[in-house]
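Q: Spelled out, the chains give:
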Amino acid sequence: MTCMDRESELALVARLRAGDPAAFDLVFDEFNPRLFNFLARLSRRRDVAEDLLEETWLRFVAQMPRFRSDTSIGAWLFTVARNLHVSYRRSRLIEDSHAAGLLGLWPCGSIAASPFESALASETGRRLENALAALPVVYREALLLIGVEGLRPAEAAAVCGISPEAMRQRLSRARALIARALEDSKHPALTRLEEVTT
Amino acid sequence: MRIEEVDRALAELRGLPALAPDAVRSERTRARCRAAMARRASPPRELTDWRTRAERLLATAVVGALSALYLAGIVYEAIKVYGVPRA
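For the record, the sequence lines run as chains A and B. Just so we're on the same page, the working numbering is the position in the first sequence counted from 1, plus 252. Just so we're on the same page, the working numbering is the position in the second sequence counted from 1, plus 211.
Chain A extracted, bound-state conformation (with noise of 0.2 Å):
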């Protein structure tokens, strides 16, 4: 949980375990758009990543008074959706190279920014995301929770079930094939702009 200390983390823990609906609202207020955003992003469907994000609190509050006194809420959580969302691909065998749908999840523009600055930080989140996109998910679920979320690499790790060591490898191998993919989705005109201004 990035925005409450761990202390706070762990009284909220024992209001969750006795069932209190205030500490639930609190948590499904924090973790809601965070999960919604990480199964977007990571099932590249709008659809999909609602049905899971239900899915998730359900079974976040059947699961809720057997949590331990030392439980992660947001590594819990992020496990349980990340586990969903295996699941769902098993179950239906999506194919990675499948990209569609994503631009259908891109929102409107920021209001402060000028016209220029809009399109420019556009076309650069557009890239990147389309760079993230066509990533193996492997490698963006650990960009995600990493980059996005803002987790360790050690509970990153957690929630993937692999050892940190193996997260480390896939991180800088996420890193190479999204330099990788971003090279690639530069604009040739761009690219000799820059070099003849640089």
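One thing to keep in mind: the hints can contain errors.
Quick list of the computed label-pair ranges, beta carbon to beta carbon [unchecked claim]:
1) A270/A with R264/B: 32 to 38 Å
2) P388/A with T271/B: 54 to 60 Å
3) E417/A with R267/B: 58 to 64 Å
4) R262/B with R320/A: 40 to 46 Å
5) R225/B with R318/A: 32 to 38 Å
Per the computed footprint, the stretches of chain B lying under chain A, defined by three or more beta-carbons under 8 Å from a beta-carbon of chain A, are [said to hold, decoys possible]:
6) 222 to 230
7) 240 to 253
FYI, nobody ran anything at the bench for these hints, they're computed from the structure. Positions of the beta carbon are idealized from the N, C-alpha and C atoms, including for glycine.
Take the given structure of chain A and dock chain B to it, following the hints.
A: Structure of chain B alone, referenced to chain A:
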């Protein structure tokens, strides 16, 4: 692409626009979770109503009697076909 550029791009990952879940569905999910919590919080209702208990007893008796009748019919038919088994 240089490694600094990759690191900059990775730093931008955190700045990716947030994708918002459907608000109506989120509230429905929250309500389902709250309902599940409420169900668990309230103890199971005791069957104090004698009519409910009598109905359950009657239903069990009827099902039991019909099952016994069916079984007796099978045994009767078997004896008719194969005769009384000899020891």
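Q: Assuming the hint says 40 to 46 Å, is it satisfied by the Cβ distance from R262/B to R320/A or not?
A: holds (45 Å)
Q: Holds or violated: the segment 222 to 230 of chain B covered by chain A, criterion of 3 or more residues with Cβ-Cβ distance under 8 Å?
A: holds (count 8)
Q: Is it true that the C-beta distance of R225/B to R318/A lies inside 32 to 38 Å, as the hint says?
A: The hinted range 32 to 38 Å holds for R225/B and R318/A, with Cβ atoms some 33 Å apart.
Q: At least three residues with a C-beta closer than 8 Å to a C-beta of chain A: is that true for the segment 240 to 253 of chain B?
A: holds (count 10)
Q: Could you say whether the range 58 to 64 Å given as a hint is met by the Cβ separation of E417/A and R267/B?
A: 60 Å Cβ-Cβ, so the 58 to 64 Å window holds.
Q: Within 32 to 38 Å or not, the Cβ separation of A270/A and R264/B?
A: holds (33 Å)
Q: Taking the Cβ atom of P388/A and the Cβ atom of T271/B, is their distance within the range 54 to 60 Å?
A: At 58 Å between Cβs, range holds.
Of the numbered hints listed earlier, not one is contradicted by the structure.
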